[in-house]
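Participant: In case you want the letters, here they are:
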Amino acid sequence: MTDETELIAALAAGDRTAFETVYRRHNAAMLRVATAILRNPASAEEVVQDSWLSVLRNAAGFERRSSLAGWIFAILTNAAKSRARRDGRMVAFDPTEEGGLDQAAFDARGRWRKMPQAWNGQDEITPERVVDGRRMLDHVTAAINDLPPAQRAVLVLRGQMQLEAAEVCAMLGLSEGNMRVLLHRARLALRTRLDAVM
Amino acid sequence: MLNCRDFAEQADALIDEELGPWQAMRLRLHLSACKGCARFFEQLRLTRRLSEAATAPGTDGDDGETARIDALLAAARGGVGGGAGGDG
Numbered sequence: 001m002t003d004e005t006e007l008i009a010a011l012a013a014g015d016r017t018a019f020e021t022v023y024r025r026h027n028a029a030m031l032r033v034a035t036a037i038l039r040n041p042a043s044a045e046e047v048v049q050d051s052w053l054s055v056l057r058n059a060a061g062f063e064r065r066s067s068l069a070g071w072i073f074a075i076l077t078n079a080a081k082s083r084a085r086r087d088g089r090m091v092a093f094d095p096t097e098e099g100g101l102d103q104a105a106f107d108a109r110g111r112w113r114k115m116p117q118a119w120n121g122q123d124e125i126t127p128e129r130v131v132d133g134r135r136m137l138d139h140v141t142a143a144i145n146d147l148p149p150a151q152r153a154v155l156v157l158r159g160q161m162q163l164e165a166a167e168v169c170a171m172l173g174l175s176e177g178n179m180r181v182l183l184h185r186a187r188l189a190l191r192t193r194l195d196a197v198m
Numbered sequence: 001m002l003n004c005r006d007f008a009e010q011a012d013a014l015i016d017e018e019l020g021p022w023q024a025m026r027l028r029l030h031l032s033a034c035k036g037c038a039r040f041f042e043q044l045r046l047t048r049r050l051s052e053a054a055t056a057p058g059t060d061g062d063d064g065e066t067a068r069i070d071a072l073l074a075a076a077r078g079g080v081g082g083g084a085g086g087d088g
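Top to bottom, those sequences are chains A and B. Following the working numbering, the numbering of the first sequence begins with 1 at its first residue and continues without gaps. Following the working numbering, the numbering of the second sequence begins with 1 at its first residue and continues without gaps.
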């Protein structure tokens, strides 16, 4: 927590190093979440820029009722939802959206049609390992970007940024049960994508 | 009787310890007896680790970022009308 306290104080003072640290830590995830809400990369980019300005201008008043990441993503999701409403778009997420487990992998009795095969070198896979011409990390990022919007937003906020479940539910207007289902579906979909390249 | 599809559908909830003790035990029992599901389970764990690693700072880094960071800092300073330095 001390690290975060120092980081917030430095941010409030407009310290470049502190801002760069926070920016590099969160910017890509913020773009993903904003795009999931707005369904429009150009609008998402603008909302993310505006959110960073809010973060810089309001860091001094940050009251520590959440983590720094929780605060930043609350600013972002509020800004994205306002923008969506202004643009006349729906902001509600569909908790029943398709995707997740590959149902075709099972027969009528629920058994594997074809047993999952061990991934090549499964025990020593690292994010940097190159498979099929790309780093594992790049395969994962591409698969995340292809997830349906609600699954993508939940995966980033809960699965990656590790925000509190209640915070994520409030940001996306989801019940905790639906949020969990979306998160599980997202991870199952990612595993299916990775299985295809391994 | 719990089948492979039931197991796969609930495997991520099992990792997150969201299942009741009875259901978790049924899944673990299936896991210990089914080689395909054991592979699936390990791959799901690995997928989770990789997706968490995909947020590491700098993974999306590019040269334009430095310029954007500077522009945002300048805009924030300009926008507060000098108020940020008021206490110092």
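Hint data in this document are derived by calculation from the structure and do not stem from the laboratory. As the structure is a computational prediction, the values presented were derived from the model and not from experiment. Ideal Cβ positions, reconstructed from N, Cα and C, are used throughout, including at glycine. Hints may be right or wrong, so weigh each one.
[Said to hold, decoys possible] From the structure, some residues in chain B lie toward chain A, with a derived Cβ separation under 10 Å: (1) E9; (2) Q10; (3) D12; (4) W22; (5) R26; (6) L29; (7) S32; (8) C34; (9) Q43; (10) L46; (11) A53; (12) R68; (13) R77.
Participant: Next step is simple, just say for each hint if it's right about the structure.
Facilitator: Hint-by-hint comparison with the structure:
1. For B:E9, the shortest C-beta to C-beta distance to chain A is roughly 6 Å, which falls under 10 Å, so the interface hint holds.
2. Given hint, B:Q10 at the interface with chain A, holds; its Cβ is 8 Å from that chain's nearest Cβ, closer than 10 Å.
3. Against a cut-off of 10 Å between C-beta atoms, the interface hint on B:D12 holds, since the closest Cβ of chain A lies about 4 Å away.
4. For B:W22, the interface hint is violated, since its Cβ never comes within 10 Å of a Cβ in chain A; the closest pair sits about 19 Å apart.
5. At about 14 Å, the closest approach between the beta carbon of B:R26 and any beta carbon in chain A exceeds 10 Å, and the interface hint on this residue is violated.
6. At about 16 Å, the closest approach between the beta carbon of B:L29 and any beta carbon in chain A exceeds 10 Å, and the interface hint on this residue is violated.
7. Nearest Cβ of chain A to the Cβ of B:S32: about 16 Å, over the 10 Å cut. The hint is violated.
8. A hinted interface residue such as B:C34 counts as satisfied when its beta carbon comes closer than 10 Å to some beta carbon of chain A; here the least separation is about 8 Å, so the hint holds.
9. With 10 Å as the threshold, the beta carbon of B:Q43 comes within range of chain A, its nearest partner Cβ sitting at about 5 Å, so the hint holds.
10. A distance limit of 10 Å between C-beta atoms decides the matter here; for B:L46 the minimum to chain A is near 6 Å, and the interface restraint holds.
11. For B:A53, the interface hint holds, since its Cβ comes within 10 Å of a Cβ in chain A; the closest pair sits about 4 Å apart.
12. Taking 10 Å as the C-beta cut-off, the interface hint given for B:R68 holds, the closest approach to chain A being about 8 Å.
13. Because the beta carbon of B:R77 sits about 6 Å from the nearest beta carbon in chain A, less than 10 Å, this interface hint is met.
Comparing the model with each earlier hint shows violations of hints 4, 5, 6 and 7; every other hint is respected.
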